[in-house]
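Based on the sequences and whatever the hints tell you, model everything.
What the sequence shown shows, in the working numbering, is residues 1 to 198, in sequence order.
Everything labelled a hint here was simulated from the structure, so no lab data went into it.
For each residue, glycine too, the CB sits at the ideal point set by N, CA and C.
Hints may be right or wrong, so weigh each one.
Unchecked claim - No farther apart than 35 Å at their CA atoms in a straight line, the calculated lysine-lysine pairs in the DSBU-like style are these:
1) Lys41 x Lys132
2) Lys62 x Lys132
3) Lys5 x Lys40
4) Lys62 x Lys40
5) Lys41 x Lys62
To be verified - Across the chosen pairs, the derived CB separations fall in these ranges:
6) Thr190 x Arg106: 30 to 38 Å
7) Asp56 x Ala189: 38 to 46 Å
8) Ile158 x Ala111: 36 to 44 Å
9) Gly43 x Pro2: 18 to 26 Å
10) Pro177 x Gly30: 12 to 20 Å
11) Glu54 x Gly112: 33 to 41 Å
12) Ala189 x Ala28: 17 to 25 Å
13) Lys41 x Asp160: 31 to 39 Å
14) Ala111 x Leu148: 33 to 41 Å
15) Gly129 x Ser191: 23 to 31 Å
16) Asp160 x Gly39: 18 to 26 Å
17) Pro2 x Pro140: 35 to 43 Å
18) Ala189 x Thr58: 13 to 21 Å
19) Tyr59 x Pro177: 17 to 25 Å
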Amino acid sequence: MPAPKILMITGDFTEDYETMVPFQTLLACGYTVDAVCPGKKAGESVATAIHDFEGDQTYSEKRGHNFALNATFDSVRAEDYDALVIPGGRAPEYLRLNADVIKAVRHFFDAGKPVAAICHGAQLLAAAGVLKGRTCSAYPACRPEVELAGGVYADIAITDAVSDGNLVTAPAWPAHPSWLRQFMAVLDATSMPETNAA
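Right under this line is the structure:
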């Protein structure tokens, strides 16, 4: 069986680690990952932002790398993918205004496919109306959006992640080990054929 094909929807000023690390980790583990941004084509880049936790009341923000997209948003079909990854940062704030992005996000939930979202990625889930009754972690400042969308906010450590069926979420990039481990477990569980116990 071929490795699951994953769609990553990102955009300008996406969080650097939350885009680069899952993209490279999933590729290194043998998954296919297509990273797209509305209005941009394969080979173009999105600017990233680095969010750090330095003792202030909120995160600090610095300019990060340029992240090269490897697929074209207008050419992809959500139906062709087995799972979705939504990084955080500033991108979800404006991506949620794009009707095609919202339609794509809803497809993964309607089809029961694995979805991983981190940090401000919950803004996109809330706007898509897919959080009702679902447990979801996010950056703490996004808690009102999760709850107003009918979700149950998971108040967990910044290094933890939470799974609710096909949905895996985490508060921010320090949770990558837990978030990616849980997401890959969901991916593998949904892509492996059932076997009979001996």
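Now for the hints, and whether the structure bears them out:
1. Note on Lys41 and Lys132: the hinted pairing holds, with a Cα-Cα distance of about 33 Å set against a maximum of 35 Å.
2. About 34 Å separates the Cα atoms of Lys62 and Lys132, which keeps this hinted pair within 35 Å; it holds.
3. At roughly 20 Å between alpha-carbon atoms, Lys5 and Lys40 fall within 35 Å of each other, so this suggested pair holds.
4. About 23 Å separates the Cα atoms of Lys62 and Lys40, which keeps this hinted pair within 35 Å; it holds.
5. Under the criterion of a C-alpha separation no larger than 35 Å, the hint pairing Lys41 with Lys62 is consistent with the structure, at around 25 Å.
6. Checked against the hint of 30 to 38 Å, the C-beta distance between Thr190 and Arg106 comes to roughly 18 Å, which is inconsistent with it.
7. In this structure the hint that Asp56 and Ala189 lie 38 to 46 Å apart at CB holds, the actual value being about 39 Å.
8. Checking the proposed 36 to 44 Å range against Ile158 and Ala111 shows it is violated: the Cβ atoms sit about 31 Å from each other.
9. In this structure the supplied range 18 to 26 Å holds for Gly43 paired with Pro2, their Cβ-Cβ distance being about 24 Å.
10. For the hinted restraint 12 to 20 Å between Pro177 and Gly30, the CB-CB distance of approximately 18 Å keeps it satisfied.
11. A C-beta distance of roughly 39 Å is found between Glu54 and Gly112, which places it inside the suggested range of 33 to 41 Å.
12. At about 20 Å, the CB distance of Ala189 to Ala28 agrees with the hint of 17 to 25 Å.
13. Roughly 37 Å separates the CB atoms of Lys41 and Asp160, a value that falls within the hinted 31 to 39 Å.
14. Between Ala111 and Leu148 the beta carbons are some 25 Å apart, a value that contradicts the proposed interval 33 to 41 Å.
15. Gly129 and Ser191 have their C-beta atoms about 27 Å apart, which keeps the hinted 23 to 31 Å range intact.
16. At roughly 34 Å, the beta carbons of Asp160 and Gly39 sit outside the given window of 18 to 26 Å.
17. At roughly 38 Å, the beta carbons of Pro2 and Pro140 sit within the given window of 35 to 43 Å.
18. Between Ala189 and Thr58 the C-beta distance comes to about 36 Å, which lies outside the given range of 13 to 21 Å.
19. At about 20 Å, the beta-carbon gap between Tyr59 and Pro177 stays in the expected band of 17 to 25 Å.
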